[in-house]
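Work out the full structure: start from the sequences and follow the hints.
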Amino acid sequence: MTQVTPSTDEGFGAPLGYAPADTPRVYRLPGVYAPQGDTALLLANLAREEFRSGMRSLDLCTGTGVVAVASALRGTRATAVDISRAAVTTARLNALRHRCRVRLLRGDLEAPVAHERFDLITVNPPYVPCEDPALPARGRRRAWDAGTDGRLLLDRVCERVPRLLTSSGALLVVQSSLSGVTATLDGLQRAGLRARVADRLVQPFGPVMASREDWFAA
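The numbering used here puts the first residue of the sequence shown at 410, with every later residue one more than the last.
Just so you know, the hints here were simulated from the structure itself, not pulled from any lab data. Where hints are given, some of them may not hold.
[Said to hold, decoys possible] What follows is a set of in silico ranges between Cβ atoms, one per label pair, in the way DEER data are often shown: (1) Leu505 to Gly548: 18 to 28 Å; (2) Trp624 to Phe460: 16 to 26 Å; (3) Tyr436 to Pro545: 16 to 26 Å; (4) Ala495 to Asn454: 39 to 49 Å; (5) Leu610 to Tyr436: 23 to 33 Å; (6) Leu505 to Pro542: 13 to 23 Å; (7) Arg526 to Glu622: 36 to 46 Å; (8) Arg599 to Asp431: 13 to 23 Å; (9) Ser462 to Ala607: 38 to 48 Å; (10) Ala456 to Tyr436: 33 to 43 Å; (11) Ser577 to Arg621: 35 to 45 Å; (12) Ala627 to Arg510: 40 to 50 Å; (13) Ser462 to Ala546: 33 to 43 Å; (14) Pro429 to Pro542: 34 to 44 Å.
Ideal placement from N, C-alpha and C gives every residue a C-beta, glycine not left out.
Set out below in structure tokens:
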């Protein structure tokens, strides 16, 4: 039997009051990234976007699918992508739970939708710096580790994802201040976008970051 764990308020790692009151409650298969403070930050900014009937949304690195489900519940034609089979299954389960339609695709970042265009793209990629210069091939660390500077996925987002936007589209990316905010802004501007820091959330290190605090300071 496969264990399915409800993600509770405590799973966010930050007060859920920061996320919209209508944030969908989700279930999570073992090994799938639990909604955290960064998820709450992304959801809060998603709620500030202007939604139009029929607009197309894309959620990359979808995890539990909570952001994709929130977009779909606002009337978008939602697509979500994750490289993890467990994440895709989890997101499908949560879309069914909330009776909304989300197209779920398994693949590496934007590859499954490389020739499509979207009005709104959300990304919460792995961004935690680690000692290993390569992305993990499997396991739980694949949900957060992103090379020695935390930018293995962020640099690809900056280079490749803007081309998936419609002419009036918007891109929301969440990351840590430890993984080069200026580099992200510069990369998005080189790709032709007007980029800015829309919001910030200060929170204590969780277990993963706390275990690397000495390495970060070195």
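Tested hints:
| no. | hint | result |
| --- | --- | --- |
| 1 | Leu505 to Gly548: 18 to 28 Å | holds, 27 Å |
| 2 | Trp624 to Phe460: 16 to 26 Å | violated, 41 Å |
| 3 | Tyr436 to Pro545: 16 to 26 Å | holds, 24 Å |
| 4 | Ala495 to Asn454: 39 to 49 Å | violated, 26 Å |
| 5 | Leu610 to Tyr436: 23 to 33 Å | holds, 24 Å |
| 6 | Leu505 to Pro542: 13 to 23 Å | violated, 39 Å |
| 7 | Arg526 to Glu622: 36 to 46 Å | holds, 41 Å |
| 8 | Arg599 to Asp431: 13 to 23 Å | violated, 36 Å |
| 9 | Ser462 to Ala607: 38 to 48 Å | violated, 24 Å |
| 10 | Ala456 to Tyr436: 33 to 43 Å | violated, 22 Å |
| 11 | Ser577 to Arg621: 35 to 45 Å | holds, 40 Å |
| 12 | Ala627 to Arg510: 40 to 50 Å | holds, 48 Å |
| 13 | Ser462 to Ala546: 33 to 43 Å | holds, 41 Å |
| 14 | Pro429 to Pro542: 34 to 44 Å | holds, 37 Å |
In terms of the numbered hints stated before, the structure departs from hints 2, 4, 6, 8, 9 and 10, listed from lowest to highest.
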